[in-house]
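Produce the complete structure using the sequences and hints provided.
Listed here are the chains, written in short residue letters.
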Amino acid sequence: MRTPDAESAHRLGELALLTTAFILPLAFYLRAYDSTAIKYTILQWGSLTMLFGWLWQGLSRGRFSAPAASWPALLPALGYGAWMILRFASEPHKLGALPDFLTQLTMLVGFLATFLGFAGARSASRFAALTVAAAWLVALYALCQAAGIDPFIWKGAFGPRVFSTLANPYLCASFLAIAIPLALTLELDPETPAPLRAAALLLLPLAGGAVVLTGSTMGAAGFVVTCVLYAVIVPASLRTRQALKSGGLALLAAIVVAGAAALTTAPKKETWSYASEFRRLTAAAELRMVAERPLAGFGPGSFSLNYPRFRPAEIISMEGPSHSTMTDHPELPLLGAAVELGAIGAVLWLWLFGAALWTGARGASALRRAGALPESVYAAGFSAAAAGALAASHLGWAGHAPGTGWYAWPLAGLAAGLAPLAARRAAVSVYPLPVSESIRRALYTPALLALIGLAVFPGLWLRSDVNLNSAIYYAKASNLPQAVELFSKVLPGSQGYTMALYFKGNALNDLGKSDEALVAYDRLQQQAPDYALVHAQRGSAYAKLGDWTAAAAERSRQATLDPLYLENLIAWSEAARAAGNLEEARLAAGKAEALDPKNESVRLQIAANDLMEHRLMAKAGRGKTNGHGVAKKPR
Amino acid sequence: MNCHATRAVLDLHAEGRLTPRREKAVAAHLASCAACKALTAPTVVAVKAPTGDFKARLAAAMKGERKVPKVEAPRLALNLWPRDFSGVAFAAAALALVAIVIGWSGVPSQQYDRGDELAAGRMP
Chain E
3 MRTPDAESAH RLGELALLTT AFILPLAFYL RAYDSTAIKY TILQWGSLTM LFGWLWQGLS
63 RGRFSAPAAS WPALLPALGY GAWMILRFAS EPHKLGALPD FLTQLTMLVG FLATFLGFAG
123 ARSASRFAAL TVAAAWLVAL YALCQAAGID PFIWKGAFGP RVFSTLANPY LCASFLAIAI
183 PLALTLELDP ETPAPLRAAA LLLLPLAGGA VVLTGSTMGA AGFVVTCVLY AVIVPASLRT
243 RQALKSGGLA LLAAIVVAGA AALTTAPKKE TWSYASEFRR LTAAAELRMV AERPLAGFGP
303 GSFSLNYPRF RPAEIISMEG PSHSTMTDHP ELPLLGAAVE LGAIGAVLWL WLFGAALWTG
363 ARGASALRRA GALPESVYAA GFSAAAAGAL AASHLGWAGH APGTGWYAWP LAGLAAGLAP
423 LAARRAAVSV YPLPVSESIR RALYTPALLA LIGLAVFPGL WLRSDVNLNS AIYYAKASNL
483 PQAVELFSKV LPGSQGYTMA LYFKGNALND LGKSDEALVA YDRLQQQAPD YALVHAQRGS
543 AYAKLGDWTA AAAERSRQAT LDPLYLENLI AWSEAARAAG NLEEARLAAG KAEALDPKNE
603 SVRLQIAAND LMEHRLMAKA GRGKTNGHGV AKKPR
Chain L
107 MNCHATRAVL DLHAEGRLTP RREKAVAAHL ASCAACKALT APTVVAVKAP TGDFKARLAA
167 AMKGERKVPK VEAPRLALNL WPRDFSGVAF AAAALALVAI VIGWSGVPSQ QYDRGDELAA
227 GRMP
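The listed protein sequences correspond, in order, to chains E and L. With the numbering used here applied, the first sequence corresponds to residues 3 to 637, in that order. With the numbering used here applied, the second sequence corresponds to residues 107 to 230, in that order.
No wet-lab data here; the hints were simulated from the structure. These numbers were taken from a predicted model, which means no experiment stands behind them. Note that CB positions come from ideal geometry on N, CA and C, so glycine has one too. Just to be clear, a hint being listed does not mean it is correct.
[What the hints assert, rightly or not] With the Cβ distance kept under 10 angstroms, some of the chain E side facing chain L (calculated, not the full set):
(1) A70
(2) A429
(3) V432
(4) P436
(5) S438
(6) I441
[As the list claims (entries may be wrong)] Simulated DEER-style distance windows between Cβ atoms:
(7) E:P448 / L:L145: 25 to 31 angstroms
(8) E:S10 / L:K169: 42 to 48 angstroms
(9) L:E129 / E:L445: 26 to 32 angstroms
(10) L:L164 / E:P436: 46 to 52 angstroms
(11) E:G250 / L:L164: 56 to 62 angstroms
(12) L:A137 / E:G81: 33 to 39 angstroms
(13) L:E121 / E:L450: 27 to 33 angstroms
(14) E:A372 / L:T146: 28 to 34 angstroms
(15) E:G250 / L:K169: 53 to 59 angstroms
(16) E:G81 / L:E121: 29 to 35 angstroms
[Stated by the list, open to error] Partial chain E-side listing against chain L, Cβ under 7 angstroms, derived:
(17) G64
(18) R65
(19) V430
See the structure below:
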């Protein structure tokens with residue numbers, strides 16, 4: 003039943019998988035606002051192609067199938083995907099949540115595509131080899147940066163710490179940590195050619211050195227965790243002398259990197275306590291979010307849209323004087339799943355990875371007994387690599403970044419997909435298409451057109467990020483009309499869409515077009531109700547329009563979200579006084595005084611409030627105000 | 107199951123790899139559809155009886171086979187590099203086109219005027 007078309011579709015999907023594995027960690031684009039925005043584009047293109055490759059393959063064969071034994075691992079994945087789509091369909095801020103939702107969806111596609119379509123020793127060995135090749139390039143560039151050789155504009159962005167193509171020291175270390183188990187697995191495969199085996203082994207010192215040079219404690223800890231899990235899982239699954247030797251190598255790498263990192267990058271006590279306190283407070287806030295919506299969560303991709311309401315003042319204080327910081331991702335992937343998808347989503351997440359990794363690790367020994375040596379090596383190695391990537395992602399935020407977070411999914415899919423191959427003639431769950439071949443052939447072109455049509459969007463979103471970058475440049479250069487024009491070109495669905503609406507409103511407000519600014523803020527708040535300082539900015543716009551009551555209400559809301567923002571409290575006091583609400587003005591000035599009693603603007607507000615009270619009293623004779631600027635009738 | 111669906115799984119049916127439920131459905135269809143049933147019948151190839159000089163021809167053929175140089179079995183390799191470079195050329199051209207369309211002009215990323223790991227969540 004294997005027609006040439008099915009073979010082509012299979013090759014296309016596999017090519018997309020392998021290309022994504024190789025390019026994802028390497029690609030960056032410095033003309034975009036987020037230099038790693040192109041990684042999202044590649045991930046979306048790769049996932050789309052994998053998905054269509056699989057669909058096209060099914061169309062060509064006239065059936066979709068999966069090993070009957072694969073249901074224990076497949077069921078939670080399908081359940082997780084269905085629940086995620088259902089929750090997205092019912093969440094109120096779809097456009098704001100769309101970018102992160104798509105990232106989560108592409109990661110799930112990575113699991114499903116590898117599990118159903120491309121699980122085999124050949125695909126696995128190619129996946130490992132290309133990831134190792136990418137890790138070589140990442141590590142070499144990191145070493146060049148350490149030597150002061152970096153032709154790009156971001157040279158020295160993190161001081162002496164290297165960050166390579168991942169654009170961040172922690173992410174660089176995290177990616178190299180993912181590549182190490184794959185290199186060891188490749189070395190363990192008896193069919194790997196000798197030069198490739200040598201290259202895989204050489205990656206260990208190279209990547210280990212680069213990890214130490216990142217100066218990232220979290221990254222080095224992730225490296226150690228990944229290596230230790232490999233050293234435990236692979237020998238336990240395979241029970242061979244070679245596996246034991248490979249585990250020993252992983253353990254040695256962990257010890258060396260841990261020692262070197264402790265000697266060279268040990269964090270200062272205050273830095274360490276800052277980071278741990280920050281994480282503790284964020285996790286506590288996330289638990290409060292879970293407590294508010296325990297079962298179904300806030301919806302996939304909506305963490306950053308809802309988090310401002312839960313962010314504690316201590317974190318605002320720790321974040322410094324900016325007050326406009328947005329927290330993009332939850333601290334821990336599992337807790338993040340609980341926040342966005344509720345207990346149902348968190349249980350499905352645990353079930354998905356638990357079942358996949360258990361299937362992979364247990365399947366490895368069955369494969370070895372069946373004589374499928376390469377398959378057994380990749381099932382064990384990839385189970386260990388995915389377990390390591392997941393565990394390490396709980397030490398930081400690497401699980402949310404495309405260049406690092408994606409790998410756990412296809413690795414788990416490949417590991418679980420290899421396991422059923424142990425039974426050569428095992429039963430197959432098959433879903434035949436009840437239509438003729440001519441109808442199926444007629445569907446190829448619409449499927450291809452749909453692929454091309456959908457593939458346009460990631461490109462447009464990348465272009466949006468470039469526009470956002472240019473717009474911010476013009477805004478900083480005070481060319482506000484040009485900035486507004488470019489902010490308007492940032493499309494819904496792009497990573498910077500909500501940011502662009504916010505900055506567009508700010509630029510219009512600065513241009514004196516407060517009415518138009520409020521329209522932009524309205525659109526922003528439909529997607530992100532409490533974005534950055536939007537209430538303070540709305541307050542400013544209303545003040546310019548002379549609507550002091552609305553201005554005071556917005557300033558009050560901002561003060562609830564950020565009680566430490568002094569300028570907002572001062573402006574609140576001023577707006578409330580102008581609206582004739584002296585009691586509210588006194589409340590705002592009192593809060594400002596508690597923050598900075600000697601501040602000149604605060605003293606001025608208190609004096610202005612006192613003056614207003616005196617005037618009102620004078621106007622009303624001996625009467626007192628009722629606290630709303632309205633004089634009480636004299637007794 | 108109709109004929110199209112049944113014919114799409116006949117190979118798995120022949121190998122005995124269908125799940126019991128699917129097997130039952132296929133069997134039920136085959137029992138009622140002669141056209142599909144015919145597709146499952148084993149192929150019979152008519153073989154002519156050997157002619158008188160068969161033994162001589164066979165010996166000659168075997169002698170000729172012995173002269174064929176021994177071909178070394180291909181070594182196992184990962185074959186990471188594609189055999190057909192037209193695909194690579196097409197991909198490279200497409201990527202170059204995308205790079206041009208996206209535009210190399212403009213201003214460089216402004217993320218790197220701060221150098222801390224929390225930059226991911228910061229606003230300019």
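Hints, one by one, checked against the model:
| no. | hint | in the structure |
| --- | --- | --- |
| 1 | A70 | holds, 5 angstroms |
| 2 | A429 | holds, 5 angstroms |
| 3 | V432 | holds, 5 angstroms |
| 4 | P436 | holds, 4 angstroms |
| 5 | S438 | holds, 5 angstroms |
| 6 | I441 | holds, 8 angstroms |
| 7 | E:P448 / L:L145: 25 to 31 angstroms | holds, 29 angstroms |
| 8 | E:S10 / L:K169: 42 to 48 angstroms | holds, 43 angstroms |
| 9 | L:E129 / E:L445: 26 to 32 angstroms | holds, 28 angstroms |
| 10 | L:L164 / E:P436: 46 to 52 angstroms | holds, 50 angstroms |
| 11 | E:G250 / L:L164: 56 to 62 angstroms | holds, 59 angstroms |
| 12 | L:A137 / E:G81: 33 to 39 angstroms | holds, 36 angstroms |
| 13 | L:E121 / E:L450: 27 to 33 angstroms | holds, 32 angstroms |
| 14 | E:A372 / L:T146: 28 to 34 angstroms | holds, 29 angstroms |
| 15 | E:G250 / L:K169: 53 to 59 angstroms | holds, 57 angstroms |
| 16 | E:G81 / L:E121: 29 to 35 angstroms | holds, 30 angstroms |
| 17 | G64 | holds, 4 angstroms |
| 18 | R65 | holds, 4 angstroms |
| 19 | V430 | holds, 5 angstroms |
Of the numbered hints listed earlier, not one is contradicted by the structure.
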